[in-house]
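Sequence lines, in order, name chains E and Y.
Reminder that position 143 of the first sequence reads as 143 in UniProt numbering, one-by-one numbering, no gaps.
Reminder that position 102 of the second sequence reads as 102 in UniProt numbering, one-by-one numbering, no gaps.
No lab work stands behind these hints: they were computed from the structure.
If you're wondering where the values come from, they're calculated on a predicted model, not measured in any experiment.
Hints are supplied without guarantee of correctness; some may be wrong.
Identical copies go unnamed one by one, so any copy, or any two together, can satisfy a pair.
[What the hints assert, rightly or not] Straight-line C-alpha distance at most 27 angstroms; calculated DSSO-like pairs for lysine-lysine:
1. K106 / K19
2. K143 / K25
3. K45 / K25
4. K143 / K103
5. K40 / K3
6. K124 / K217
Spelled out, the chains give:
Protein chains: 2
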Amino acid sequence: MLKYQHIADELENYIEEHKLQQGDKLPILQDLMIQFDVSKSTVTKALDLLEKKGVVFQVRGSGIFVRRHKRQGYISLTSNQGFKKNLEEFHITSEIITLDIRKPTKEAAVNLNIGLDDDVYYVKRIRYIHGQTLCIEESYFNKSIVTYLNKEIITESIFNYITEGLGLNIGFADTYLHVDKLNAEEAEYLGLQKGDPKLEVESVFHLTNGQPFDFSKLTYNYVQSQFFLQAVL
Amino acid sequence: MLKYQHIADELENYIEEHKLQQGDKLPILQDLMIQFDVSKSTVTKALDLLEKKGVVFQVRGSGIFVRRHKRQGYISLTSNQGFKKNLEEFHITSEIITLDIRKPTKEAAVNLNIGLDDDVYYVKRIRYIHGQTLCIEESYFNKSIVTYLNKEIITESIFNYITEGLGLNIGFADTYLHVDKLNAEEAEYLGLQKGDPKLEVESVFHLTNGQPFDFSKLTYNYVQSQFFLQAVL
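Given these sequences and hints, build the entire structure.
Next comes the structure, spelled out in structure tokens:
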């Protein structure tokens, strides 16, 4: 982790711990430089990263303010940090259905930008929130990037392992959503009725260098899930 | 519109017109400075804005690359520019059900950070995509910020009017999603059956200074709508 990313994490924790609210003003640049004992450019990069992640917003000529929504119990669709926090906040656990190495589907190959003969790790899990079924997850990891997975790793947070275990830098995600009706198999996994609503969330996760490494498809239990996202307009 | 915002728009149009793909490299900073005849700091600000909007990504030491997803026909949930483009691309039109000045609901007051005695413009519209019902929209605009609306304005893009007519700077949005079943009234508006799936999207739109000015609730026709969003992780 680079120094400015570390400072950004510290600042985010500071906001969290002090329960700062949307619109609360952060200390000025000079004070942050002294507090963290780093250069102006490091603080500026950290603040830019936090702005991109939707944690703060900067107002020309008046300062840096906390950006934090008011609602509890929403799963963030736009922040990975958020997802890690979600895991802890919501007690999200996983049951593994499948873990193997295989050839990608055509859809997975297109989204991962690989050939049909390349190898992927395929993971199918049921995720639980407070002990209730949250979603069915199917993920395809480009094996030339995510070189190793095992049952122990995928029982916990795969993304923690990818960043900390493999030392990869996760950059950004493109996510596609649509709403439809559950088929019989999905309904059985989720403990709902066939024909009930579902939210399907497909994401392509990229490293900071732009390479896609994970294509995942999540089918959510509509009763258990509500989502939050942030946008810069 | 500030100069760097203008340059950002030009660059976005350039990417669009030249049909650049995800991963395509943009010209280096020096070339962009010459091309637009502006300073380094203006180009840098423009690129930072485009990165926040998910139009480009910057790779340390190797350059600036186009970030552009591959799928057609998805409505963007994270970009306003995208929404304007959506309007044109998808031929989105509106039928006005209600436009009046009233006191906010408690929910609207909380989200707009105003009192229950303050005035709001209330707008209810049905939006159509290619002539099919796309969504039911209910919006509450803080009247002390959005000082005037009429039927002509709300038949077109309200956000275009807010930026160009009122000269306000739209900054960011917090959006909440959940999936549920349509009630009888919603089903009738959307031409679906009671109990069919729906996606409810609530957004709080803020000015660049952090003030919320619009709280809107959209109920989407699941058959007509698929969504796209981008995240920096």
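Hints, one by one, checked against the model:
{"no.": "1", "hint": "K106 / K19", "verdict": "between (46 angstroms within a copy, 24 angstroms between copies)"}
{"no.": "2", "hint": "K143 / K25", "verdict": "between (44 angstroms within a copy, 26 angstroms between copies)"}
{"no.": "3", "hint": "K45 / K25", "verdict": "both (18 angstroms within a copy, 22 angstroms between copies)"}
{"no.": "4", "hint": "K143 / K103", "verdict": "within (10 angstroms within a copy, 57 angstroms between copies)"}
{"no.": "5", "hint": "K40 / K3", "verdict": "both (12 angstroms within a copy, 25 angstroms between copies)"}
{"no.": "6", "hint": "K124 / K217", "verdict": "within (10 angstroms within a copy, 34 angstroms between copies)"}
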